[in-house]
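Could you put the whole structure together from the sequences, leaning on the hints where they help?
Chains as they are written, first to last, in the working numbering: chain A, 1 to 97; chain B, 1 to 647; chain C, 1 to 198.
No lab work stands behind these hints: they were computed from the structure.
It is possible that part of the hints are untrue.
Claimed, not checked - Stretch-level coverage of chain C by chain B, calculated; a stretch enters the list once three of its residues show a Cβ under 8 Å from a Cβ in chain B: (1) 18–25; (2) 44–56; (3) 123–131.
Claimed, not checked - Dumping the calculated SDA-like pairs for lysine to any residue here, alpha-carbon to alpha-carbon at most 25 Å: (4) Lys67/A with Met518/B; (5) Lys7/B with Ile607/B; (6) Lys195/C with Lys67/A; (7) Lys53/B with Met518/B; (8) Lys208/B with Thr65/A; (9) Lys67/A with Met93/C; (10) Lys66/A with Met217/B; (11) Lys195/C with His34/A; (12) Lys218/B with Ser62/A; (13) Lys3/A with Lys195/C; (14) Lys7/C with Glu61/A; (15) Lys550/B with Asp64/A.
Every value quoted in this text rests on a predicted model; they were computed, and no experiment measured them.
From the three backbone atoms N, C-alpha and C, an ideal C-beta is built for every residue, glycine too.
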Amino acid sequence: MIKQLFPIRHVMGYLASLVLSAAALIVIYGDLSHAANVVVLTVTAIIQASLQLFVFMHIGESADTKKELYINIAYALFVGLITLFGTLFIFVWGWYA
Amino acid sequence: MDLEKFKVHGEPLIYGAMVSIALATIGILVGLTYFKKWGYLWREWLTTVDHKKIGVMYILAALLMLFRGGVDAMMMRLQTAAPEMKFLDAQHYNEVFTTHGLIMILFMAMPFIIGLMNVIIPLQIGARDVAFPRLNAVSFWLFFFGAMLLNISFVIGGSPDAGWSAYFPLASLEFSPTVGNNYYSLALQISGIGTLITGVNFIVTILKMRAPGMTLMKMPMFTWSVLITNIIIVFAFPVLTVALALMMFDRLFGSQFFTMANGGMDMLWANLFWVWGHPEVYIVILPAFGIYSEIIATFSKKNLYGYTSMVFSMVIISLLSFLVWAHHFYTMGQGVMVNSFFSITTMAIAVPTGVKIFNWLFTLRKGRITFTTPMLYTLAFIPIFTIGGVTGVMLAMASADYQYHNTMFLVAHFHYVLIPGAVFAVIAGFHYWFPKVFGFRLNERLGKHAFWWIIISFNVTFFPLFFLGLMGMTRRMYTYSEETGFGPLNMLSFAGAVGLAIGFVLLVYNIYWSTRYMPRDTTSDPWDGRTLEWATPSPIPAYNFAVVPKVKSLDPFWEAKQKKVSLFEDKITKIHLPNNTGKPFILGVIFFFLGFFLVFSMWVPAIVAGVGVIVMLAAMSFDQDHGFYVSAEEVIATEKKLRGETV
Amino acid sequence: MKIDASKPLEYSTEENSNKIFGFWVFLGAEIPLFATLFTVYFVMVNRFADGPSGPELFEIGPVLAETFLLLTSSFTIGLAVHAMRLGHKKAMMIFMGITLLMGLGFIGIEIDEFFTYVHEGATLQTSGFLSSLFVLLGTHGAHVSFGFLWGVGIMIQLWRRGITPATANKTFIFSLFWHFLDVVWIFIFSFVYLKGLM
Numbered sequence: 001m002i003k004q005l006f007p008i009r010h011v012m013g014y015l016a017s018l019v020l021s022a023a024a025l026i027v028i029y030g031d032l033s034h035a036a037n038v039v040v041l042t043v044t045a046i047i048q049a050s051l052q053l054f055v056f057m058h059i060g061e062s063a064d065t066k067k068e069l070y071i072n073i074a075y076a077l078f079v080g081l082i083t084l085f086g087t088l089f090i091f092v093w094g095w096y097a
Numbered sequence: 001m002d003l004e005k006f007k008v009h010g011e012p013l014i015y016g017a018m019v020s021i022a023l024a025t026i027g028i029l030v031g032l033t034y035f036k037k038w039g040y041l042w043r044e045w046l047t048t049v050d051h052k053k054i055g056v057m058y059i060l061a062a063l064l065m066l067f068r069g070g071v072d073a074m075m076m077r078l079q080t081a082a083p084e085m086k087f088l089d090a091q092h093y094n095e096v097f098t099t100h101g102l103i104m105i106l107f108m109a110m111p112f113i114i115g116l117m118n119v120i121i122p123l124q125i126g127a128r129d130v131a132f133p134r135l136n137a138v139s140f141w142l143f144f145f146g147a148m149l150l151n152i153s154f155v156i157g158g159s160p161d162a163g164w165s166a167y168f169p170l171a172s173l174e175f176s177p178t179v180g181n182n183y184y185s186l187a188l189q190i191s192g193i194g195t196l197i198t199g200v201n202f203i204v205t206i207l208k209m210r211a212p213g214m215t216l217m218k219m220p221m222f223t224w225s226v227l228i229t230n231i232i233i234v235f236a237f238p239v240l241t242v243a244l245a246l247m248m249f250d251r252l253f254g255s256q257f258f259t260m261a262n263g264g265m266d267m268l269w270a271n272l273f274w275v276w277g278h279p280e281v282y283i284v285i286l287p288a289f290g291i292y293s294e295i296i297a298t299f300s301k302k303n304l305y306g307y308t309s310m311v312f313s314m315v316i317i318s319l320l321s322f323l324v325w326a327h328h329f330y331t332m333g334q335g336v337m338v339n340s341f342f343s344i345t346t347m348a349i350a351v352p353t354g355v356k357i358f359n360w361l362f363t364l365r366k367g368r369i370t371f372t373t374p375m376l377y378t379l380a381f382i383p384i385f386t387i388g389g390v391t392g393v394m395l396a397m398a399s400a401d402y403q404y405h406n407t408m409f410l411v412a413h414f415h416y417v418l419i420p421g422a423v424f425a426v427i428a429g430f431h432y433w434f435p436k437v438f439g440f441r442l443n444e445r446l447g448k449h450a451f452w453w454i455i456i457s458f459n460v461t462f463f464p465l466f467f468l469g470l471m472g473m474t475r476r477m478y479t480y481s482e483e484t485g486f487g488p489l490n491m492l493s494f495a496g497a498v499g500l501a502i503g504f505v506l507l508v509y510n511i512y513w514s515t516r517y518m519p520r521d522t523t524s525d526p527w528d529g530r531t532l533e534w535a536t537p538s539p540i541p542a543y544n545f546a547v548v549p550k551v552k553s554l555d556p557f558w559e560a561k562q563k564k565v566s567l568f569e570d571k572i573t574k575i576h577l578p579n580n581t582g583k584p585f586i587l588g589v590i591f592f593f594l595g596f597f598l599v600f601s602m603w604v605p606a607i608v609a610g611v612g613v614i615v616m617l618a619a620m621s622f623d624q625d626h627g628f629y630v631s632a633e634e635v636i637a638t639e640k641k642l643r644g645e646t647v
Numbered sequence: 001m002k003i004d005a006s007k008p009l010e011y012s013t014e015e016n017s018n019k020i021f022g023f024w025v026f027l028g029a030e031i032p033l034f035a036t037l038f039t040v041y042f043v044m045v046n047r048f049a050d051g052p053s054g055p056e057l058f059e060i061g062p063v064l065a066e067t068f069l070l071l072t073s074s075f076t077i078g079l080a081v082h083a084m085r086l087g088h089k090k091a092m093m094i095f096m097g098i099t100l101l102m103g104l105g106f107i108g109i110e111i112d113e114f115f116t117y118v119h120e121g122a123t124l125q126t127s128g129f130l131s132s133l134f135v136l137l138g139t140h141g142a143h144v145s146f147g148f149l150w151g152v153g154i155m156i157q158l159w160r161r162g163i164t165p166a167t168a169n170k171t172f173i174f175s176l177f178w179h180f181l182d183v184v185w186i187f188i189f190s191f192v193y194l195k196g197l198m
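Here it is, written out as structure tokens:
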């Protein structure tokens with residue numbers, strides 16, 4: 001019963017997300033360079049987000065909409081990242097001051 | 001309570017508007033009661049979930065807003081027709097050009113397009129309805145009450161007056177102390193949520209509900225353009241949602257997003273506004289491209305030239321449209337790298353657009369062209385839109401833009417893009433699909449009269465503005481002195497505006513005249529059409545298709561007519577349809593009051609309305625409504641009647 | 001209504017699978033929404049004027065508690081959907097209840113944090129940085145609060161009507177929403193709090 005209700009995939013996914021969150025704490029308590037810290041944050045966050053997407057949200061589960069869902073997420077990320085980095089490009093990196 | 005803040009003072013024109021709004025409202029209420037139409041209105045329209053009726057309501061609202069925005073335009077042209085005119089004062093002029101822009105883009109062009117797509121898309125893909133019919137009604141009523149909220153600002157509290165782009169710091173509480181820009185942030189927010197829901201609805205409809213056999217590359221071009229448009233809607237509107245929310249926080253709760261002190265950043269508003277605003281241009285123009293593609297193919301009696309390149313050019317336009325927004329504020333003071341980047345991306349959009357223009361020309365080549373009213377608008381669109389596009393490339397060059405920025409040259413440019421690119425298209429689409437919805441055509445002679453008035457007057461109105469811009473006349477100036485020399489060209493432009501008004505009056509008169517006198521269309525295919533919407537009887541039965549068609553090629557109906565085969569192979573069986581519901585309408589009303597109370601910072605009523613929204617959502621979630629079935633016998637009887645056979 | 005028995009209950013009718021697909025598209029719209037809020041935050045992060053900056057304000061303790069609650073609740077809502085597919089109504093309700101309680105705990109900690117900030121003189125009106133911080137966190141918190149009400153509504157329907165194609169569909173869509181909120185929180189945790197404190 002217990003085994004049935006707690007599938008191993010989910011348990012592993014959960015443990016992985018806890019470990020990744022803990023690992024990200026190295027940016028506060030560790031002694032890495034600024035650039036390395038940003039890399040650590042980016043990598044742990046992306047892995048965690050993918051965990052949710054693939055393990056918990058079953059994005060690849062429905063065969064007839066699989067391709068559409070990936071295109072949907074890709075387009076959303078495209079617009080989101082363009083807005084984010086484009087704005088920073090305009091107001092921070094590309095600013096005359 | 002202080003009633004003073006609700007009042008708008010000082011203008012005889014506004015008092016006139018108040019009186020006419022009050023009289024029109026009373027007239028409608030009395031008329032409905034006298035003719036005992038309340039029940040009809042509620043059962044057939046306010047509670048409908050039928051995509052065709054919702055589409056018709058969108059188009060009616062858009063026509064009303066076209067009238068309202070057109071009156072604004074006439075007032076502006078009159079005020080600037082001669083030097084030192086005293087028709088409007090500066091404040092009133094500000095309100096008029098602001099609402100003109102907002103209404104024409106968001107409450108005329110968008111709903112007109114969404115209306116056409118509501119009516120046509122399910123028919124073109126051979127579906128019985130949209131994916132979520134009740135959600136579709138929610139979309140409409142949110143749009144409608146958002147539009148109403150903006151419109152009452154004119155007589156209650158004052159309209160927004162900082163331009164349709166509402167740049168900060170001008171739009172901040174400090175420099176725009178009236179409630180006008182509160183209306184802006186809330187009315188746009190409410191109708192924007194409705195539009196976002198439409199976007200989700202139509203993406204699902206087009207991707208999941210096509211008739212069997214209609215693969216993506218066999219979809220009609222209008223369906224493709226609507227799919228791409230809705231993708232842009234879904235990903236661009238959230239940015240507007242955030243921008244409007246931040247504006248509301250700044251104005252109502254004193255946050256520091258766009259202020260000039262305490263770390264605020266005024267130009268961040270402009271940035272966010274245009275991140276949404278540029279894709280928005282393509283939201284209104286891409287469906288127009290789709291409409292033109294359908295009309296050109298139909299009236300040239302040829303299939304569309306370069307179908308695949310048409311699709312890919314739209315996909316590329318949709319991606320590029322998110323990469324160009326900074327060209328709206330080249331003169332802000334950012335670095336050369338930034339301007340160069342956005343200059344290049346902007347010019348790049350001309351490439352896929354050019355591909356489309358050539359595809360249309362090649363479709364026309366050697367076609368058997370019939371010059372119907374929709375075709376005339378389409379043929380006029382090509383050269384006029386090209387002028388708009390070429391001047392756009394001029395504006396795209398950042399260094400040259402320092403000269404054109406915020407002049408009448410820009411105003412002329414975007415009218416040359418948006419009027420042929422959106423308004424002519426919806427008028428063409430309106431004439432083209434009118435017989436499908438109502439069962440008779442609009443009169444061709446009157447239609448062509450209106451066309452010539454509109455086309456010629458359009459150029460008389462807007463072409464002089466290019467020169468005025470180059471002479472140095474800036475946009476949004478409410479008057480000028482005689483020495484500037486702006487007078488004669490502005491007078492010419494005003495004359496054009498009068499001609500445009502005559503054209504639109506003729507267009508509306510044509511609807512009235514045709515309703516009374518035009519013979520009913522018995523063929524259900526008056527233009528010898530190519531796509532599935534012409535395969536069902538007109539007016540369209542509630543279930544659209546008695547039998548779901550089987551598609552084997554692009555232009556399936558044309559193919560079937562040529563080969564003399566039927567698209568409908570299966571037997572008629574019972575058909576499932578959704579029930580009507582009044583909840584979307586009620587939700588819209590509550591949203592209207594929520595918006596209104598927030599505009600005037602009336603917190604307690606606003607919280608009550610907010611709770612009302614949540615209660616309504618819960619009520620809709622708890623609803624168990626499985627719809628109803630139309631029996632096979634009933635379908636057969638309806639079909640016989642609609643196709644003119646005796647039962 | 002045709003029910004396709006080869007698919008899980010929540011996908012079993014055409015309407016159901018359309019709703020799931022539609023909700024994914026809606027989540028696609030939520031991505032640029034939160035991306036825009038992050039954009040505003042990153043532009044504003046050093047514009048704290050006379051108010052406190054991020055490092056002066058943030059405390060890691062409550063943030064870790066919030067993270068733990070949300071991660072765990074994302075796990076339990078996954079288990080609830082799993083139990084639903086097995087047809088265990090009771091286990092499903094228990095997992096969903098745990099999920100919602102953890103969501104409530106999250107909201108409680110967040111509200112407490114907001115009170116602490118305001119107490120330290122950091123309000124929405126203080127600076128551009130604080131405005132963007134409050135609105136980013138507040139939008140996420142509002143989503144969690146809305147999710148809580150929504151989840152309660154679904155649990156009532158489940159309790160009354162049992163696991164049907166309709167309620168299974170609603171629960172599955174709710175689970176997508178809840179996981180998505182967890183994804184957003186991961187980015188807030190990493191790029192607002194940890195980046196602010198490093």
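If any of the earlier hints don't hold here, list their numbers in rising order.
4, 6, 9 and 13
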